[in-house]
Amino acid sequence: MFSYCTDPATLDGLTWLSCYLTTGKHLSIYWSVGTVLLLLAITAPVALMFGFGGAAAARSRFAPLSWLGKAYIAVVRGVPDIAFFLFFVIALDQGFEWLRHQVKCPDWDQPIRQGNDFVVCAEAKLPLGNAAQWVHETYGFMLAVLTFSIVFGAFAANVLFGAMRAVPRAQLETAEAYGMTPRQTFWRILVPQMWVFALPGLSNLWMVLIKATPLLFLLGVEDIVYWARELGGAKTARFTDYPHPDWRMWYFFALLVFYLAFTRVSEIVLDRIMKRLTHGQATTGGEAQRKAA
Amino acid sequence: MKNLLIGTAALAMMAGAALAESHSVVRMGTEGAYPPYNFINDAGEVDGFERELGDELCARAELTCEWVTNEWDSIIPNLVSGNYDTIIAGMSITDERKEQIDFTQNYTQPDPSAYVALAGAEVDLAGGVIAAQTGTIQASYVAEHGATLVEFSSPDETVAAVRNGEADAVLADKAYLDPIVAESSDVAFTGEDVLIGGGIGLGIRKSDTELKAKFDAAIQSMKDDGSLNALIEKWEIGETF
Amino acid sequence: MSCWETIADYGLRSIGIGERLLPREDFTLCQQVTLIGSGMIWNIYFGFMALFSGFFLATTVAMGKAAQNPWLRKPSEWFIFVFRGSPLFIQFFFAYFLFLSLKSVSGFFDVFTSAWLGALVVLFLNTAAYSGEIFYGALLSIPKGDMEAADAYGFSGWARFRKITWPTMLRLAWPAYTNEAIFLFHATTLVYFSGFPAWKQKGDALYYANYFADKTFNPFVPYPILAGYFILLTLIIIGGFGLINRRLNRHLPQNTRSKIRLRPTLMR
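Chains as they are written, first to last, in this note's numbering: chain B, 1 to 293; chain W, 1001 to 1241; chain F, 2001 to 2268.
Same shape as in the complex, but just chain B (with noise of 0.2 angstroms):
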């Protein structure tokens, strides 16, 4: 990066950190930051989504939708994540794939499973098996948010549908009263109302889901984690201009310290909706709030 770097051996102290920090490998774990900040911004409003549509749906009246709603709850709450991600993308990515193949290949004849093999026609193939690396790295990087959201989803419609359920009894008959149709009660009342009751809950999966991004690397996404473990471990002078001994210890502190600084920073965030949505509401918080007004 820098003139001076062309013979590091020859240098010392923070000349050579200088050189040694802006190595090319090193410019990798800075842009996984990147990576894992655009995961999170991408997953937390999908997994949302897939939280408000799972939990309407389990409270819906219509029993089939409530089961399958309760099913999806169940099933992905149950599972660890680290299992989901440990086969879940091979198995989304085939899925795809299949699909696919269905439609582009009708008059395939072989058949798609040849031993253990997994072969579909090469226009079915996701990406395309030419395609540049990036569109690779995208479309993993397009699992992992799926991947992730569909896991952080169920745990969001189990935290809202207890929040939906926590809204006092008598603001939704109150509602009803005043001729409100369910529709009208669902989305006036109910869901205006829910999400104090949900925050505490949602801003606890909002940091199990940032500290959840060390596991990004086994969804084929090279993350900050995979990174320090490769950049920390000890390194022999044969392979690079930069030999040290195990420095795992200040790569892992240095991980520690961003996610810290990450959690304060969200907490801040989450602590300025908390008021905002206490503002009014007649709990401990509210009337905390209405006495020091």
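Source of the hints: derived by calculation from the structure; they are not laboratory data. Please note that the accuracy of each hint is not assured.
Calculated from the model, a selection of chain W residues having no Cβ within reach of chain B, i.e. all distances over 12 angstroms [said to hold, decoys possible]:
id : residue
1  : ASP1095
2  : LEU1195
3  : GLY1226
Not everything, but these chain W residues come out facing chain B in the computed CB check (under 7 angstroms) [as the list claims (entries may be wrong)]:
id : residue
4  : GLY1044
5  : VAL1080
6  : GLY1082
7  : ALA1119
All residues carry an ideal CB built from backbone N, CA and C; glycine is no exception.
Following the hints, complete the assembly by docking chains W and F onto the known chain B.
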């Protein structure tokens, strides 16, 4: 008979055309954490013996290749589900693995595995605590031969475990341990080397016979003109052919 | 070899009883189900012990965070912040490193580098922090009417906490706390996966699922088995927590729809 031959040839050509289509880019899957076989260099790219070998093989087979890294744990499932087309990750040819995937001919001699322990320490290799990477042939070997196996998920950690006293010794490919022992004074080889694997080959899907044939031919041509031996010597991968 | 023999050989393999070597061929469904089930012993052990011990610390921490006194509040806040703010993955890593270095200081710490104690300590602190935050959130959401009623009836101090604050806090926190319990049991799969090394191939359910996936190269059998075990475990947790929830909510008016709601017996 002649007709049949023409028929097969036509079929082969058709398959070849299909191959050209599906394999306009061959994706090479590797681990990127096992020097000198494969590792990520300072620039953040895949490097090592297998990188050079793979690029040369692709050139000889007239294929366009792309490098992909994948965790060791899921390296085979991702191959069979088609996320990349070959495994070139220092994977020893074993009967267990051969039931699942095909291998090309081996491009290294069977590489001895070796024990490394703290320098000067007396180690009971038959009954002591031996570290190995999970899912390697070395881990199976230790489990079968009576020593107490302690497993770690990356090769790095196995060596670290010896340094911090968790394990008495580590069993791994000698070519991997060599540079580590050469550059540090605190650990040393101990005991006899053991021969476990059957050499290293490229892993390829069983259904992908065309690709296997191409790589087999390319490896053979590198063996014949000595360029493979030159690579093996350059990266110190053990015996030449 | 019949399935019963397999169960006899491998049913308790995860705690070192039975065959010394793991299966090396066949990899029958029976072997996979038995060994992965055997590994569940560890998941249940870690989850249950951490949850039980963590509950008490969590209540303490939640009260501490809600306290006016900064000497109580600040440590609780920091404790919650550090453990909630960092991934368990990294906590395991640091704990293992820490115990390793402590080991050289004193023989007392020898046992901490083994998963059964070292990982348990991490899980205990981790769940205490998460649950503490949930309880704290619930403390703030206690309806003011409840507290006013308590005051009106002359409750104060310990009696008020024991009879009003604590049960109400639990009631409000319960759905989120159920989530936390489930998360905790799921998090136990990380113990051998990233943190602590497995000795003599004694590991948890994920370790064995991973072993089979690695040997058969087919992830679609062992992981669904693992998933099945965990769904069962989760249903038990939900059932147990649901019973407590019903008890905590028993004084509230029932939602009319819940009476006619059809529930498969499996869900209870």
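Structure-based check of all given hints:
With a least CB separation of 15 angstroms from chain B, ASP1095 (chain W) remains clear of the 12 angstroms interface cut-off, as annotated. With a cut of 12 angstroms on Cβ distances, LEU1195 (chain W) stays outside the contact zone with chain B, its closest approach being about 24 angstroms. Distance check for GLY1226 (chain W) against chain B: the nearest CB is about 23 angstroms away, which clears 12 angstroms, and the non-interface claim stands. Look at GLY1044 (chain W): its Cβ gets to within about 4 angstroms of chain B, closer than 7 angstroms, so that hint holds up.
Taking 7 angstroms as the C-beta contact cut-off toward chain B, the hint placing VAL1080 (chain W) at the interface holds, the least distance being around 5 angstroms. Because the beta carbon of GLY1082 (chain W) sits about 6 angstroms from the nearest beta carbon in chain B, less than 7 angstroms, this interface hint is met. The beta carbon of ALA1119 (chain W) is not positioned within 7 angstroms of any beta carbon in chain B (closest approach about 15 angstroms), and the interface hint is therefore violated.
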